[in-house]
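Q: Given next are the chains, with one letter for each unit.
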Amino acid sequence: MSIAGKARLGFALLLMGLATASQAQDVPALKGLDEAARTNVLQMIEGAKKEGSLNYSDTIIQPTTNDVLVSAFRTYYGLPASFPVNYTLLTSGAMITRIEQELAANRITFDVAAIGSPTWTFERYRAGAFMNYRSREYDAYQDVIKAGLGVDGAFVLNGGYAQIPIWNADILKFDGKSYRDALNAAVPGRFSIGDVVQSESHLTTYAGLRQVLDVDFFKEVAKKKPTFVGRSEQSAQRILTGQDVIAFGGNPSRVHQSNQKGAKLRILYPSEGFTFLPQLTFILAKAPHPNAAKLWIDFILSDAGQKILADKEALISGRANFQSPIPDIAPNFSSLKIIKVDWEKMTADQLMKYREEWISIFNP
Amino acid sequence: MRDTKRRLTLQVALPLVGVIIGVLLIVGPFIAGLARSLMLWVGEDPQFSLANFAWLFTDRRIHQAALNSLICGFGAMSLSLMLGTSLAWIVSRTDVPGRELFKTLNLIPFFFSPYVGAIGWIFLVAPYSGLMQTSIGSFTGESIEGPNIYSLAGVIWILSLFYTPYVYLFVISPLQRMDAAFEDAARVHGASFWTTIRLITLPLLQPGLLSAALIVFVTSAGLFDVPLALTATKGIRTMPTEVFALVRYPSDLGRAAAFGILVTVITIALTLWQRAHLSKRRYEIVSGKGYKPRVTEIRGAARVLALTVEIVFLTTSVVLPVLALILVALSPLWTGRSNPSNATLANFSYVLFDYSLTRQAILNSLFLAVTGATLGVTISGLQSYYLQRGRGRFKGLVDALLALPLGIPGIVLSLFFLIFAIRTPLYGTLAILLIAYVARFFPFATRTISAMLSAIHPELEESARANGASWTQTMRHILLPLLRPALIAAWIMLFIIFIRELGASILLYASGTETISIAMLLLSENSVGYVAALALIQLVLLLGGFTLFRLTKVSAIQ
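From first to last, the protein sequence lines stand for chains A and B.
The numbers in this note's numbering rise by one with no breaks, and the one at position 132 of the first sequence is 132.
Counting from 1 along the second sequence, just add 1000 to a position and that's the residue number in this note's numbering.
Fair warning: there could be bad hints in the mix.
Calculated cross-link-like contacts (lysine-lysine; reagent style BS3-like; alpha-carbon spacing at most 25 Å) [unchecked claim]:
#, chain 1, residue 1, chain 2, residue 2
1, A, Lys264, A, Lys307
2, A, Lys340, A, Lys177
3, A, Lys177, A, Lys223
4, B, Lys1103, A, Lys223
5, B, Lys1234, A, Lys224
6, B, Lys1234, A, Lys219
7, A, Lys177, A, Lys264
8, A, Lys264, A, Lys340
9, A, Lys353, A, Lys224
10, A, Lys353, B, Lys1234
11, A, Lys340, A, Lys146
12, A, Lys225, A, Lys31
13, A, Lys31, A, Lys49
14, B, Lys1234, A, Lys225
15, A, Lys225, A, Lys177
To be clear, the hints were calculated from the coordinates, so they are not data collected in a lab.
Predicted, not measured: the structure shown is a model, and the values here were computed from it.
Using the sequences and the hints given, assemble the complete structure.
A: Now the structure itself:
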C-alpha cells in the first residue's frame, strides 16, 4: 500500500473511531453521570464489547420479555444489535442445581442470575460465590436492603413476586379475601398447590406461610386432594382450561400475561399476608463476561429496566419511589402485606425441615 | 501365510476396537458412579460407607417409587409385546388390505417422543378440559371428568403406544425372513393355526421378542419424562423422578448413584438370564436355501379385526395426539377449546425465528443425532460381529457389560457422566452430550444388529470363504448386504432417539448446548402453544429423516 493509501486508511479509521466514541458519549446510560462515572461506564462498555457476549439466567422473565429487555439494554449502552445476550429461563430448582454444578466444576457459564430463593442466595453469598460489585443503582434499593432483601454491593432484587391464589373469573365466582376463603372455594381434586419437593420457590413460599398459617390448615388442604404443580405456567394453564378451579400457588406474572391475551384470571393477595419472593440478582464470582455482567446489573436495576419488568412480567419493584404501571396485579412494594421472614438467618437445614413437614402432610 | 495372518488379525482387531470403546464408555462413568455411591461426606471429608445402599433398602418412599416403576415397566412391556407382535404379524403374514402402507405407518409412533405423546394426550383427555371432554360437553352441556390420564395407567398407556414400534421393529424382520417350511411342517403334521403360532412361530421369534421385552421393560421403568408429565403432579413418584429429585438441590448424588448401581446390577442379572435362556436353543431362520414366508388369507371377522387393530393403534398413537398438538399450536391462548377463527402461526414463528434458544437447540439436536447415530452404528456393528462371530473366552461377560446401559435409566447414566466429567473440560460441552448419548444408546443398535446377525447362518460366510473370498470380501459382498436393513434400522433408531432424547440430557446440558427436548421443557415454563409448535417441528424433522430413507429406496423393514 502506498503512503497516500495508508494515510487515507488511517484517516478513515480515525473518523470511524471518533464516530463510535461520539455515539458512546450519547448513549442513555451516560446521561446525568459525573465524569468519573462516565469514564467507568465507557470502560465497561468497551470491556463488554471485547468480551463479546453476556449469559444470564432467570426463573421468571419470559423470552418475549427478554427480547424487549435485550433490545433496550443494547440501546441503553449503544451496543451493536449483533451483541449476543444469551438468556436461559430455568425453574428455581434447576437453576440452583446448575449453578451448584458449575461451582463444583469451577466452570462458570452464567454471568448473571436471578432467583427467588433467598436462603440459598444468602448461603452462596456467604460462601463467596458472588462478585462484589456495588452498582450505583444500589442507592435506590437501600430500603429493601435494610428489609433483608439484599446485601449492598453483592445482590439485590430485580423485582419480586408472590405465589398466591388465582382463579378464572369465567369459571369461578369468588370474592374471598383470605387463604381460608380460598380453601373453602377449592373443589376436591380440582385445585393445585405448589410442589415443595420439586420447587425451591414453592418451598420458600411454604416456609413463609408457616409463619402465619398452622399445620392444621395445611392438613385441611391435603384432605381436599390437591394436584402438586412445580411450574407457574402449569398452574395457570390448568386454571385457564378449567382442569382446576383455583390454584394456591399462582403467579401474578402469568395472570398478567394470560389476561393480555384475553383471559380473565384473577388473583388474591390474602389478608393473612403472603410470602414475598425477591428475585435476587447477582454476578457470579468467576463470570466469564464481568463487564457485560456489570452493565446488565446496572441496567436491570435502573428505572428503565424496572419499568419493563413491571410492565411485562408484573414484577414488584424494590426501587425507591417506583410506581407500578399495573398496581392491581403488581401493587407498589410499600402497600403490600408481606409475611416477615428473616431470610438471612434461615438456614438450609431449617428449610429442609419445612420440606419434610410438607411431605409428611401431603405425602406426595 | 503372512497374508492370511494379517487378515485374521484384522478380523479380530476391528471388532475388538468396537468392544474396547464400548467398555470404556461404560466403565469410566460406572466407576465414577460406584465410587460416589460408596462415599459419605462427614464435614469436608469423604469416608467409605454403605449408608447410601442401606438407605435404598429402608426408605419407604423409594420402595413405593420402585414398585410404581416396576408396574410401569411390566405394564408397558406386556401391552407393547402384544400390540407390536400382533401388528408385525398382521402386516407380514396376512393379506390384510393396505398391508404395505400399514408396514410403514406402524413405525410412525416410533418417531414420536413419548414426552410429546404424553403432552398430546393431556390436551386430549385432561379432566374437565381435554378436547374429548369439551367436545362431548358441548353437546351434552355438562362438565365431564373423563379418564384419568394423570395415573400409572395413563403412563402405561402412553409408554405402550410409543414403545410398540420397538417390538414391531424387532419382530417384523425375523417374521418376514422366517422359512415357511418350519410352519408348513407343523401344519402337515396336524398342528392347528394357534398351535403352530405357539410352538413354532413364537419360539423362533424368541431372540427378537426377548430383546424387545428387555428394552421396553427397562426403558419404560427407567423413563422419567412421561411420569414427570403425568403422575408427578399427583404425587405418584417413580424411581427416575425420585433420582431427578435427589440430583436437584440440595442434591444427594451418593444416594442417586447407589440407586444407579443397584439398577445396573439387576440389569446384569436380566441380561445374563436372557443370554443363558437363548443359548439353550438354536434360532437360525435364514439359511442358504430359498424360502418364502407364508401369507395367511384372512376373511370376514378376522379381516375386520386385523383392520380394527391397525386403525385403532394408528389413531390413538398418531392421529389424535398430533391433531391435539396442531390445535394447541395454532391457538394464541389454549383454553381447552379450539377456535378456528383465532388460529395463528405466531407460536411457530416465535419458536422458529424469534427465540434464539430453539434455533440453537434444533442445530444441536441435528448435530448430535447425525454424528451420534453414525458413531453408534459403527461401534455397535463391530461389537455385534464380536458377539455373534467372535471366539473370545469372555464373550458372555463382554455381552453383559456392553448391555449395561440398556438397564440404566438415562437420568442415572447422565448422573454417572456428570460425576465423571464435572471436573474436566468436557463439562458443559456438546461433546459430553454426544459421548453420553452414544454410551447410553449403543446397546440398542448392538441388539438390533446382533438379532439380525444371529438369524444369518454362518454357513453363508463359510461358503464364501471356502470359495476363496477374503474376510473383507466376505464382509463386503455377503454379510454387510444381508445386514444392511439392520444397520439402517439401527441408524434410524439412534437418530430418532437422539433427536428426541431428554433423560440423558437433562443433567448434562449447559448454556448453548440445549437440545430440542430441553428447549421444550424450558418452553413449558412459558406457553403450551410454544411447546406444541416445537413438538410438531421436532416431529417434522423426524418424519423428514424417515421419508428421506424411503425415497432412497432403503427402509428399515425392507
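Q: Evaluate each hint against the coordinates.
A: For each hint, the structure was consulted:
1. The hinted pair formed by lysine 264/A and lysine 307/A meets the criterion: a straight-line CA distance of about 24 Å does not exceed 25 Å.
2. Straight-line distance between C-alpha atoms of lysine 340/A and lysine 177/A comes to about 20 Å, which keeps the hinted pair within the 25 Å bound.
3. At most 25 Å may separate the alpha-carbon atoms for a hinted pair to count; lysine 177/A and lysine 223/A meet this at roughly 21 Å.
4. About 50 Å separates the Cα atoms of lysine 1103/B and lysine 223/A, which puts this hinted pair outside 25 Å; it is violated.
5. Our distance criterion of 25 Å between C-alpha atoms is met by lysine 1234/B and lysine 224/A, whose separation comes to about 12 Å.
6. The hinted pair formed by lysine 1234/B and lysine 219/A meets the criterion: a straight-line CA distance of about 16 Å does not exceed 25 Å.
7. Between the alpha carbons of lysine 177/A and lysine 264/A the distance comes to roughly 18 Å, so the proposed pair stays at or under 25 Å and holds.
8. Under the criterion of a C-alpha separation no larger than 25 Å, the hint pairing lysine 264/A with lysine 340/A is inconsistent with the structure, at around 31 Å.
9. Under the criterion of a C-alpha separation no larger than 25 Å, the hint pairing lysine 353/A with lysine 224/A is consistent with the structure, at around 23 Å.
10. With a C-alpha separation of about 22 Å, the suggested pair lysine 353/A and lysine 1234/B falls inside the 25 Å cut-off, and the hint holds.
11. A threshold of 25 Å between alpha carbons decides the hint, and for lysine 340/A with lysine 146/A the separation of about 13 Å falls inside it, so the pair holds.
12. Taking the CA atoms of lysine 225/A and lysine 31/A, the gap is near 56 Å; set against the 25 Å cutoff, the hint is violated.
13. About 20 Å separates the Cα atoms of lysine 31/A and lysine 49/A, which keeps this hinted pair within 25 Å; it holds.
14. At most 25 Å may separate the alpha-carbon atoms for a hinted pair to count; lysine 1234/B and lysine 225/A meet this at roughly 9 Å.
15. In summary, the hint linking lysine 225/A to lysine 177/A is supported, as the alpha carbons are separated by about 22 Å, within the 25 Å threshold.
The structure is inconsistent with the numbered hints 4, 8, 12, although it conforms to all the rest.
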